[in-house]
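Asker: Chains as they are written, first to last, in this note's numbering: chain W, 159 to 288; chain A, 19 to 148; chain Z, -9 to 89.
No lab work stands behind these hints, which were simulated from the structure alone. These numbers were taken from a predicted model, which means no experiment stands behind them. Careful, some of the hints might be misleading.
What the hints assert, rightly or not - The calculated lysine-lysine pairs, modelled on DSBU-like cross-linking and capped at a C-alpha distance of 35 Å, are:
1. Z:K14 x A:K138
2. Z:K46 x W:K188
3. Z:K14 x Z:K46
Stated by the list, open to error - A short list of chain W residues far from chain A (calculated; beta carbon distances all over 12 Å):
4. L186
5. E191
6. H199
7. D200
8. P212
9. R213
10. D214
11. Q228
12. R242
13. K252
14. G264
15. G269
16. L270
17. D281
18. R282
A virtual CB, placed ideally from N, CA and C, is assigned to each residue, including glycine.
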Amino acid sequence: MKIGVLVNEGPYTHEASDSAYNFTKAALEKGHEIYRVFFYHDGVNNSTRLTEPPRDDRHIVNRWSELAKQYSLDLVVCIAAAQRRGIMDENEAKRQGKDAHNIAEGFRISGLGQLVEAGIQCDRLVTFGD
Amino acid sequence: MSDEMDMEEGGVVKQFMFVNRKAPYGTIYALEGLEVVLISAAFEQDVSMAFIDDGVYELKKGQDTKELGQKNFSPTYRALEGYDIEKLYVERESMEARGLTEDDLLVDVVVMDRAELAAKMAEQDVLISF
Amino acid sequence: MLHIVNKSPYERNSLESCLRLATKGSAVLLIEDGVYGATKGGNFEGKVQAAMADVKVYVLGPDLSARGMADRVLDGVSVVDYGGFVDLVAEHSNCQSWL
């Protein structure tokens, strides 16, 4: 089955990203296709590579990056929500005249249309948030 | 539900319902939710919005954010018609529990009792909630 | 239809709204702080038990255990793991998260 996942909260403050990760991993292990994981609202904060949690805590950002690498996942960060919250890739940083970019490996920034398209293409869309 | 989908211009038309349960301004969900709804109009899907619980407050007449310093996005609900998004459903129980009537709302809506709205929700292909 | 509730019923109205709008035969999965709604001895026990006449209630085991509530699950509530969560999503034609 083709499943889309929507993550609406950032890491650590809410459990949403943990739940979404555990759900996504379980779905992949069961042989389902995860068509896309879309990060919206504060969920875009899951994609900053500047995240550095204490060593005995899980690294939520790296965990998504590693899962993306293992399963060729499409991790998409909403551009409008990302710009509001200071999440940039190299192209966007150049375009906006910023002196840095911070998107983590395995994530890409794109439009909200990618969420609607996932809704159209997937058999199911599951939302995680607050 | 794929067997129930209509095919139009070679594309799939799904029933999308955006479920709004949060009041405006206190959190960003209502505003960013509206941004997804506007984008969805470009995909020629069967889009509706449901207003449940504090989501009903999004439609309250007379919003004035001048002193707050946030953008008043309430006029956007009246512009939805221009995007062919005309199915705005308000749950009667939520509206009445908040001491509001249809006259308090800034746009024409269909007020549904809970059983009607529940049936509407159950028949959707995709539910996205904020 | 699958309803997913992630809020404690003692803090927010998500579970009550979900139960108000869930049609007969729906499934309700309680995750995160929502798991408190599936436990014995609290003020919500009666409400959830009454709802179980019309809807099937599931609770996410890992979230229950994390909160020390694994031994307090209401009779009739099924405990699932993340794989069971995925199965519930696959088995139902659509899902709504009561955030």
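Asker: All hints are to be evaluated individually against the structure, with a verdict given for each.
Answerer: Here is how each hint holds up against the structure:
1. Z:K14 x A:K138: Holds, at roughly 13 Å.
2. Z:K46 x W:K188: holds (23 Å)
3. Z:K14 x Z:K46: Between K14 of chain Z and K46 of chain Z the Cα gap is close to 9 Å, so the pair holds against 35 Å.
4. L186: Answer for L186 of chain W: holds, closest chain A Cβ roughly 21 Å.
5. E191: holds (15 Å)
6. H199: violated (6 Å)
7. D200: violated (8 Å)
8. P212: holds (28 Å)
9. R213: For R213 of chain W, whose nearest Cβ neighbour in chain A is about 32 Å away, the distance exceeds 12 Å, so it holds.
10. D214: Consistent with the label, D214 of chain W stays out of reach of chain A, its closest Cβ about 31 Å off (over 12 Å).
11. Q228: holds (27 Å)
12. R242: Given a closest Cβ separation of 8 Å, the condition is violated.
13. K252: holds (24 Å)
14. G264: Consistent with the label, G264 of chain W stays out of reach of chain A, its closest Cβ about 23 Å off (over 12 Å).
15. G269: Given that some Cβ of chain A is not farther than 12 Å from that of G269 of chain W, nearest at about 7 Å, it is violated.
16. L270: L270 of chain W is in fact no farther than 12 Å from some Cβ atom of chain A, at 4 Å.
17. D281: violated (7 Å)
18. R282: Check fails; 9 Å does not lie beyond 12 Å.
In summary, the numbered hints that this structure violates are 6, 7, 12, 15, 16, 17 and 18.
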